[in-house]
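A.B. asks: Sequence:
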Amino acid sequence: MSGAGADGTADLGPPPERVVVDVEQVRRLVATQFPHWAELPVEPVANGGWDNWTFHLGPGMSVRLPSAAEYAEAVDKEHRWLPLLARHLPVPVPTPLAKGGPGEGYPYTWSVYRWLDGETARFERIADPVRFALDLAGFVAALHEIDTTGGPRPGRHNWYRGGPLRTYHRQARRAIRALDGRIDAVRADEIWECALDARWDGTERWFHGDLAQGNLLLDGGHLAGVIDFGTCGVGDPSCDLAVAWTLLTADGRRALRERLPVDDATWARGRGWALWKTLVSYAHAPDDGVAAVNSRRILAEIFGEYTDGGRSTGGDQP
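Going by my numbering, the residue at position 69 of the sequence shown is 905; the numbering climbs one at a time, nothing skipped.
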């Protein structure tokens, strides 16, 4: 995942080669490197993510071990920047407690974090869609206001989030071709090209990079925390707007846009991020599976809102 393509955009390279980590291996790593925690139980976290293998460590901590060399590049970044970012954010974010190193057959650096309580945000779990959107907008606005001096620019550490959307052009076009006949490929092409043409003014902001349902926590249906800052960085913040289509209702999306606010070009790029991510997910999902059903819902939101001139609503079937 390095180098540049013929048009100067970053080359994502081949998919990462992931390693497998099991409970016994984690117990040995903890016991060897942090013996004061050696007696604490280690249990796998359900749906612990793709970039990292995640385990409970006792009642109040988690262990996160990158699943590939590319993902391991985010470890030092999180340990450096999360304590600084946390001081400025309105909801809890992970607190790094310790950093481990290779050992017991595991090849990368890894982390121990304070555990954040909450259930994973899902569309149907959100109690008040507009309040959730406003709370999320408050988080994004606070993040965007943090001083960017010395912050990590787009690169291998975050799969070039915050850089040009064109980096993902090949993936998007391949997914559109694969889905032709299941979606309106002509409209998908048009929305994607609109996003590519929407220019960024160059004002750098902090961004999370992956405000997806798996990285947002709820308590009683309300926003309670934001986790997994592995893709965070400093650059074009439009990638954080993808959540407006992937998780919010039409009313929530409108509230988010009014609260931030953002210009039309930034909104169009945010729509492009949502489209790219959803197309790739749908193209690799069984057509009768949960991921495909969710992808169709999101594409309906993207297509409908775009057709209505970005004013709202969604609902057309892709």
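By construction, these hints were calculated from the structure, which means they are not laboratory data.
Virtual Cβ for every residue (Gly too), placed ideally from N, Cα, C.
Please note that the accuracy of each hint is not assured.
[Unchecked claim] Computed spacing ranges between beta-carbons, pair by pair:
(1) His1120 with Arg923: 36 to 42 Å
(2) Asp1100 with Val859: 47 to 53 Å
(3) Val1126 with Arg992: 26 to 32 Å
[Claimed, not checked] Cross-link-like lysine to aspartate or glutamate pairs, in silico, DMTMM-like; alpha carbons within 20 Å at most:
(4) Lys935 with Asp1020
(5) Lys913 with Glu1040
(6) Lys935 with Asp1037
(7) Lys935 with Asp971
(8) Lys913 with Glu960
(9) Lys913 with Asp983
(10) Lys935 with Asp983
(11) Lys935 with Glu879
(12) Lys935 with Glu909
A.B. asks: It remains to establish, for every hint, whether it holds in the given structure.
C.D. replies: Hints, one by one, checked against the model:
no., hint, verdict
1, His1120 with Arg923: 36 to 42 Å, "holds (39 Å)"
2, Asp1100 with Val859: 47 to 53 Å, "holds (50 Å)"
3, Val1126 with Arg992: 26 to 32 Å, "holds (31 Å)"
4, Lys935 with Asp1020, "violated (47 Å)"
5, Lys913 with Glu1040, "holds (18 Å)"
6, Lys935 with Asp1037, "violated (37 Å)"
7, Lys935 with Asp971, "violated (31 Å)"
8, Lys913 with Glu960, "violated (33 Å)"
9, Lys913 with Asp983, "holds (16 Å)"
10, Lys935 with Asp983, "violated (25 Å)"
11, Lys935 with Glu879, "holds (19 Å)"
12, Lys935 with Glu909, "holds (13 Å)"
When held up to the earlier numbered hints, the structure conflicts with 4, 6, 7, 8 and 10 and fits the remainder.
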